[in-house]
Amino acid sequence: MIRTLRQPANWITPLVFPLALMAVNTGGLDAATNIPGFPSDSFLPFFLAFPFIQGSLFATINAGVDLARDIQTGFLNRLSLTPMSGTALLVGHLGGVIVLGFVQALWYLGAGLVMGVRLESGFAGAAVLFVLAVLIVLAFGSFGAFAALRTGSTEAVQSLFPVFFVFLFLSSMNLPRNLIETDWFRLVASANPVSYLIEGIRSLVIFGWDAEALALAFSISIGLAIAGLALSSVAMRGRLART
Amino acid sequence: MKRTVDVAFAVAWRMLHNNFTNPSLLLPGLAFPLFFFTAFAGGLSRVNDVPGFRFPVGYTAFQFVFVLLQSAAFAGVFTGFGIVRDFESGFARRLMLAAPDRRGILLGYGIGALGRWSVTATVLTCVALLAGMQVGGNGVDVFALYALAVLVNACGLLWSAGVAMRLRTMQAAPLMQLPIFLSLFFAPVFVPVDLLADWLRVIAHLNPVTLLLEGGRSLIAGTPTHVAYAFAAALALVAGFSVWAVRGLRNAEAAGG
Numbered sequence: 001m002i003r004t005l006r007q008p009a010n011w012i013t014p015l016v017f018p019l020a021l022m023a024v025n026t027g028g029l030d031a032a033t034n035i036p037g038f039p040s041d042s043f044l045p046f047f048l049a050f051p052f053i054q055g056s057l058f059a060t061i062n063a064g065v066d067l068a069r070d071i072q073t074g075f076l077n078r079l080s081l082t083p084m085s086g087t088a089l090l091v092g093h094l095g096g097v098i099v100l101g102f103v104q105a106l107w108y109l110g111a112g113l114v115m116g117v118r119l120e121s122g123f124a125g126a127a128v129l130f131v132l133a134v135l136i137v138l139a140f141g142s143f144g145a146f147a148a149l150r151t152g153s154t155e156a157v158q159s160l161f162p163v164f165f166v167f168l169f170l171s172s173m174n175l176p177r178n179l180i181e182t183d184w185f186r187l188v189a190s191a192n193p194v195s196y197l198i199e200g201i202r203s204l205v206i207f208g209w210d211a212e213a214l215a216l217a218f219s220i221s222i223g224l225a226i227a228g229l230a231l232s233s234v235a236m237r238g239r240l241a242r243t
Numbered sequence: 001m002k003r004t005v006d007v008a009f010a011v012a013w014r015m016l017h018n019n020f021t022n023p024s025l026l027l028p029g030l031a032f033p034l035f036f037f038t039a040f041a042g043g044l045s046r047v048n049d050v051p052g053f054r055f056p057v058g059y060t061a062f063q064f065v066f067v068l069l070q071s072a073a074f075a076g077v078f079t080g081f082g083i084v085r086d087f088e089s090g091f092a093r094r095l096m097l098a099a100p101d102r103r104g105i106l107l108g109y110g111i112g113a114l115g116r117w118s119v120t121a122t123v124l125t126c127v128a129l130l131a132g133m134q135v136g137g138n139g140v141d142v143f144a145l146y147a148l149a150v151l152v153n154a155c156g157l158l159w160s161a162g163v164a165m166r167l168r169t170m171q172a173a174p175l176m177q178l179p180i181f182l183s184l185f186f187a188p189v190f191v192p193v194d195l196l197a198d199w200l201r202v203i204a205h206l207n208p209v210t211l212l213l214e215g216g217r218s219l220i221a222g223t224p225t226h227v228a229y230a231f232a233a234a235l236a237l238v239a240g241f242s243v244w245a246v247r248g249l250r251n252a253e254a255a256g257g
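Chains as they are written, first to last, in this note's numbering: chain A, 1 to 243; chain B, 1 to 257.
If you are wondering where the hints come from, they were derived from the structure by calculation, not from laboratory data.
Accuracy of the hints is not assured; some may be wrong.
Quick list of the computed label-pair ranges, beta carbon to beta carbon [as the list claims (entries may be wrong)]:
| id | chain 1 | residue 1 | chain 2 | residue 2 | range |
| --- | --- | --- | --- | --- | --- |
| 1 | A | A156 | B | E253 | 50 to 60 angstroms |
| 2 | B | A147 | A | V91 | 50 to 60 angstroms |
| 3 | B | L206 | A | F161 | 25 to 35 angstroms |
| 4 | B | H205 | A | V114 | 21 to 31 angstroms |
Every beta carbon over 12 angstroms from chain A, so not counted as near; a handful from chain B, in silico [said to hold, decoys possible]:
| id | residue |
| --- | --- |
| 5 | P56 |
| 6 | M96 |
| 7 | V119 |
| 8 | L151 |
| 9 | H226 |
| 10 | V243 |
Positions of the beta carbon are idealized from the N, C-alpha and C atoms, including for glycine.
Excised from the complex, chain A in its bound form (with noise of 0.2 angstroms):
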C-alpha cells in the first residue's frame, strides 16, 4: 500500500482513468437507451459497472509489476532468506491489491452517485456490490501475482494488460447481451466470464436483487480467485525453492 500511495502514476490512473472513459461512453452512447428493450433510461447507471472491473486491472497490474520488480531487482530473494513465508507474503501482496480495489469501488461509486445514478437495491445492495468488487480486485490480482512469479519480469506482467482489455471489450460492457446483433459477438460475449461480473454489478445498480445475476457473478469471481491463488501459491513456492 505504502508503495502504491508513493508511485501517484499507480493510484491516480485507476481513480482517474475508468471514470474518463465511462464519462465518453456515457456521451457518446447515452442515445442507445433508446433502442427497444434497453434495461435503464440513461446510459450512466448501465455503464457503472464498466470502471470497477477496469479499475481492478489497473490495480492488478500495478500490482503485478511491484510484484515482478522485487524479483527482478533481488528483493524477493533477500525476503526468502528472512523466516517470513510464501503465504505470508503473498497475502501481504494481495492485501494491498485488496484495499485498493476497495478505495476505487468507494471512488467509483460515490462519483456514479454524485452523478446522479440511484441504487435500485439501496444500502445494502451497496455493501454486497463492495464485497463482489473486492472479490473481482482479489481474482484479477491473483492471476497479476501468477504472471508476476511465474515470469518475474515487468514486461510479462504489462502485456498482460492488453489480454485483459481483450475481455473487457468483448463482453457485455456496452450492450445487453440479448441487444447484441451479431451473432458471433453475442456467443463470445456469453462464453467471456468477465461479462457476467459486469452484469453482476450492473443488476445492483439498475435492476436491483437479481438472483442469477448475482449468484453467476460471485460463482465465477470466487472460482477466479481460488484458481488465481492456487496458481500464484504453487509459483511463489517454485519462486522461493529457486532462490
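Please build the complex by placing chain B on the supplied structure of chain A, with the hints as guidance.
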C-alpha cells in the same frame, strides 16, 4: 536536398526494418486497431437502430472510419516511442552527428510512420471488407479518405516527435499518447454528433477531430460533406505540429542529442 532525402530514407528504412522484424513492435500496432474495430463494429451494430441514426452504408463503415483515423494517429505515436528509444540508447546522438541535414531525420521518421501505418491500414481494410463493410463512395472518395488518414498519421508523428525530442525519455510516453487518445474519444465515436449527450456535443464541436471524422464518414458513404473543411483542419494541424516537431529537433540539437 539530396542529402536530406538520403538521410530521410536511411532513417525510414531503419525504422521500418526494426518495426517489421520485431513482433513486439509490429503486433500491437496491428492488433489494437483490429480489436477496436471488432469491439465497436461487432458489439455495437445495434446502434444502427437508434432513432435519428442515419448512415447509409451501415454501422461497420461508420466505425471503420474512426478506427482507420485512430490507427493512423497511433502509428505516428508508436513511431514517437521509437524516437525516444533512439535517444535513450544513444543512437540519436550518433545519428545527429552523421546527418548533414537533420531535418532529414524528422522526414525519415515521418516516412517510417507512414510505412508502418500502410500495413495496418491494408490489414484493417481487408478485415472490414471481409466483415461485409459497404462502401458507398467512388474511387476518388476512397482515395480522399485515405489521404485524410495520411494527414492524421503525420499529425500523430509530428506531435509525438516534438514531445520525444524535447523530453528524450520513455517517461514521456503518456504525454505523447494521452492528448491524441482524448482528442479522438471526445469526438463522435459511436454516433453522429447530433446524437451525443449535450456536454459531449459542445466539446465535439470544438474538437477538430470531429471535422475529420465527419468528413471521412461522408466520403465512405459517397455523400461528401464539408470535406474541404476536414482537409483544411488536417493541413492546419500538420502545419502547426511541423513547427512543434522542428523546434523539438532544435531543442534536441541544443541539448547535444
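Hint-by-hint comparison with the structure:
no.: 1; hint: A:A156 with B:E253: 50 to 60 angstroms; result: 37 angstroms, violated
no.: 2; hint: B:A147 with A:V91: 50 to 60 angstroms; result: 58 angstroms, holds
no.: 3; hint: B:L206 with A:F161: 25 to 35 angstroms; result: 31 angstroms, holds
no.: 4; hint: B:H205 with A:V114: 21 to 31 angstroms; result: 26 angstroms, holds
no.: 5; hint: P56; result: 18 angstroms, holds
no.: 6; hint: M96; result: 29 angstroms, holds
no.: 7; hint: V119; result: 19 angstroms, holds
no.: 8; hint: L151; result: 24 angstroms, holds
no.: 9; hint: H226; result: 20 angstroms, holds
no.: 10; hint: V243; result: 29 angstroms, holds
Hint check: a violation occurs at hint 1 only; the rest are consistent with the structure.
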